[in-house]
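Visitor: Please put together the full structure from these sequences, using the hints given.
Order-wise, the sequence lines are chains A and B. The opening position of the first sequence corresponds to residue 1 in the UniProt record's numbering, with each subsequent residue numbered one higher. The opening position of the second sequence corresponds to residue 1 in the UniProt record's numbering, with each subsequent residue numbered one higher.
Just so you know, the hints here were simulated from the structure itself, not pulled from any lab data. Among the hints, erroneous ones may be present.
[Stated by the list, open to error] Which stretches of chain A does chain B cover? Using the computed rule of at least three CB atoms under 8 Å from a CB of chain B, they are: (1) 122–129; (2) 147–154.
[Unchecked claim] Far from chain A by the CB rule (all over 10 Å, computed), these chain B residues: (3) Tyr136; (4) Glu150; (5) Glu164; (6) Ala250; (7) Asp258; (8) Glu260; (9) Ile337; (10) Val408.
[As the list claims (entries may be wrong)] Quick look at which bits of chain B chain A covers, simulated, 3 or more residues with Cβ under 8 Å: (11) 48–56; (12) 125–134; (13) 429–435.
Just so it is clear, CB atoms sit at the ideal spot from N, CA and C, and this is done for glycine as well.
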Amino acid sequence: MGRYALRRLLQSVPVVVGTTLLIYWMMWALPGDPFAGRCGERACPQDYIDAMNAQFMLDEPLLVQYGAYMANLVQFDFGLTYNMVPVATLIGQTFPVTLRLALIALAVEAGIGIVVGVIAGLRRNSYFDTLVFASTLVALSVPIFVIARFAQWGLGVNLGWITPTVSNEATWAELIVPGAVIATTTTAVLARLARTTVAENLSADYVRTAVAKGLPRSRVIGVHVLRNSLIPLVTLLGLDLGTLMVGAVVTEGIFNIDGLGGLVYNHILRLDSTVVVPAATLFVLIYIFANLLVDLLYGVLDPRIRYE
Amino acid sequence: MSMRATRFRTAFAVAAAAVMAVSGCSGGGDDGDAGQTTVTVDGGQPENPLVPADTNEVFGGDVLDTLFSGLVRYDPETADPENYVADSIETEDNQTFTITVKEGWTFHDGTEVTAESFVDAWNWGAYGPNANLNAYWFEQIEGYDEVHPEAEDPEADPPEPEAEEMSGLEVIDDYTFEVTLNDPYAQFPMRLGYTAFAPLPEVFFEDPEAFGRDPVGNGPFRFGSWTDNQEITVEAYDDFAGSHAAQVDAVTWRMYDDREAAYADLLAGNLDVMTRLTPAAMANEVYKDDLGDRYIEQEAGLMFTLTVTGNEPGYDDARFRRALSMAIDREAIVDEIFEGTQLASNGWAPGVVIGAQDGACGEACEHSPDQANDLLQEALDDGFEPPEEVEIWFNDDADHREWVTAVVNSINQTFDGELEAVAKPVPTFSEFRSGINGDQYSGLLRTGWQMDYPHLENFLSPLYETGASSNDGDYSNEEFDRLMAEGRQESDRDAAVEKYREAERILAEDMPAVPIYTARTITGYSEDMSNVEVTPFGVPAFANLEK
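Guide: So, in structure tokens, the structure goes:
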């Protein structure tokens with residue numbers, strides 16, 4: 001298993017190089033001059049644009065720029081943004097916040113989604129099952145920003161239970177509501193998936209055998225059904241960790257959370273690749289890591305799966 | 001003839017004295033709770049390090065306004081300039097100005113503000129290789145061309161400057177310096193309230209880069225802290241020498257990506273002051289229900305126009321341009337798109353500036369479909385060939401789509417098939433600016449102008465003089481240029497204004513840009529605030545905030 005993990009991590013090197021180059025190229029291909037909009041309604045002084053282009057090597061060919069950029073990157077020199085702020089500061093500041101937010105969302109998804117789904121699966125066609133069906137339908141069809149605004153105005157402005165926006169410290173407690181908002185869609189999907197899988201596994205041969213040989217119901221469900229139902233759920237959660245790191249732009253914006261997603265989004269708008277490329281690299285690494293974790297979990301959940 | 005300007009520094013420190021007297025507050029610290037009073041204001045991440053010569057946008061500008069006091073300050077209510085750090089600004093010929101600096105002003109690091117603080121700062125700001133965004137502010141000063149030479153070919157690197165200091169700046173003694181301009185310019189002292197003319201302490205020149213993250217100024221507030229994308233805090237400066245000292249202990253700008261979030265915070269009492277309320281809050285005047293009387297509505301020194309690319313075929317007939325202007329129903333646009341929160345323009349400058357003339361545009365800015373059609377017909381009869389489609393270009397990353405579309409509809413209704421207008425969105429402002437600079441568009445360009453200093457001249461000279469820095473339509477009219485030049489040489493303030501007004505009326509004939517609307521800002525504040533004033537620049541008078 002160690003060798004497997006190592007091999008997987010080594011595979012990530014070409015992936016990272018490929019993605020960064022691709023993203024670098026895409027940023028470079030975006031139309032517009034990042035410095036032309038800096039002077040309001042007048043043309044920026046040419047010497048300013050020249051100085052900025054020289055500083056960020058924007059007048060060099062793409063591959064030269066990219067080479068110099070990567071050379072700095074591997075030495076952990078992330079450089080400055082076009083606003084002269086150290087990129088490392090920005091990422092170092094936003095990453096923990098986004099991670100906290102993602103973990104809260106994952107916890108909500110796993111906690112609520114799986115539990116509710118499993119119960120619904122065990123009691124198919126019950127009143128509870130119908131309720132879950134209806135509420136997941138609502139959760140899936142209402143856009144996230146509507147839920148976010150609703151939570152912000154309802155809980156924040158009208159009831160005053162939370163502050164409408166998250167403070168700069170972005171503590172765990174403050175992130176619970178935004179985290180739960182982000183989690184809605186995936187929670188619904190997980191609940192649906194858990195219900196179906198559990199329902200399917202309940203009628204599987206090995207369950208019938210287990211029941212037939214007289215195992216207590218708690219053991220049949222707790223060990224045999226649940227464990228086998230977890231594989232698709234873990235896969236979904238693993239993928240979602242990646243999505244959560246990047247995809248929370250809207251919710252982050254609404255709750256004024258200084259997170260990675262918003263950071264990347266804003267710098268794409270400013271055509272500022274200095275933040276976008278390292279952040280994207282980070283996303284790729286997280287994705288690779290999360291998927292590796294999921295793959296390794298498969299082995300734990302289903303001993304038939306072997307690595308080599 | 002001696003010119004004595006009474007002016008103030010910009011945005012923050014403004015209307016303090018008068019208002020304080022009215023509100024019965026006697027200044028000198030707050031008498032409320034014993035704790036620290038910090039006012040939170042909505043803001044954003046500055047685009048550049050906090051150096052006066054290199055900051056030209058509102059987020060950084062607001063902060064700098066609290067950190068620096070200039071020679072001149074603008075009255076928050078009337079926008080009238082008065083001497084502030086300057087004891088006097090005198091001139092015989094409108095070309096050489098003798099500026100005396102008041103004694104006793106100090107920078108936040110304790111060093112004294114002297115004549116040199118200004119001269120060194122201006123020389124640094126103008127010096128070409130320093131590549132400052134605000135360098136052009138110094139272009140009227142004699143010797144600017146030597147320190148900031150322009151390349152013949154815009155693609156080429158600019159040549160090495162011949163000098164490091166402008167010959168037009170001379171330190172006479174510790175508190176006196178002399179400024180010589182290239183040409184007479186009577187309104188020059190008026191410009192001195194802009195941040196670019198702020199004095200700089202010696203510590204700046206040792207390490208400008210470090211200074212940009214930890215600026216040291218001479219204003220009512222001193223720099224506190226800056227967390228990128230989160231907040232900037234400034235603290236009251238106890239040894240402030242000016243007449244308008246800070247009334248609260250600190251001001252914090254909280255940075256918002258989503259302005260609706262700021263509004264939610266304002267209503268929940270989590271934010272003290274919010275400038276420029278969002279369209280959602282202004283729709284149906286929701287803010288009046290939400291805030292009660294806790295808002296200030298004010299006309300701002302900001303207006304929006306459609307600049308005509310006048311030299312392009314199809315746009316070179318003034319009658320056609322006037323016809324376009326008359327085809328636009330400004331009142332309807334203001335009522336329907338902006339719910340009456342903005343004002344229909346009838347001239348090329350907002351009413352808040354000195355010298356603004358109501359109705360400068362005359363009938364050309366009044367909605368009259370019949371006259372518009374007649375004018376067009378007249379031009380057509382003379383062999384004028386209109387463009388196939390009137391293209392109206394705008395950047396789609398700000399709230400312009402709606403009003404531009406309304407203008408398009410207005411034109412189409414008026415000419416009813418004779419002429420077709422279309423809206424042409426460009427995704428981002430930077431792409432739009434690149435396109436304008438590269439002359440890629442033909443037709444009408446969405447343009448706007450936010451005043452640098454509150455004078456009619458600021459809305460004319462940079463925009464419509466031949467070859468001016470923001471003359472996007474490449475407009476050129478000798479008579480206009482002549483009147484502007486005469487205005488600059490006119491020592492008498494009223495006579496100068498007359499010249500500028502006359503020049504503005506030429507625009508009504510030529511219509512190089514079609515005025516659409518003038519902005520009003522609505523600033524909301526929380527129940528905790530006891531005094532909020534908003535300057536004509538649309539920002540709170542920070543030093544006067546009381547909580």
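Visitor: All hints, please: hold or fail.
Guide: Against the structure, the hints:
1. 122–129: violated (count 0)
2. 147–154: It holds, with 3 qualifying residues against the three required.
3. Tyr136: Per Cβ check, B:Tyr136 is inside 10 Å of chain A; nearest 7 Å; violated.
4. Glu150: Given that some Cβ of chain A is not farther than 10 Å from that of B:Glu150, nearest at about 7 Å, it is violated.
5. Glu164: holds, 15 Å
6. Ala250: holds, 15 Å
7. Asp258: Label violated. Min Cβ-Cβ 4 Å, cutoff 10 Å.
8. Glu260: At roughly 7 Å from the nearest Cβ of chain A, B:Glu260 sits no farther out than 10 Å, so the non-interface label is violated.
9. Ile337: holds, 21 Å
10. Val408: Given that every Cβ of chain A is farther than 10 Å from that of B:Val408, nearest at about 21 Å, it holds.
11. 48–56: Satisfied; 3 residues make the cut.
12. 125–134: Check passed, 5 qualifying residues.
13. 429–435: Coverage by chain A holds here, the residue count being 6 at a Cβ distance below 8 Å.
In terms of the numbered hints stated before, the structure departs from hints 1, 3, 4, 7, 8, listed from lowest to highest.
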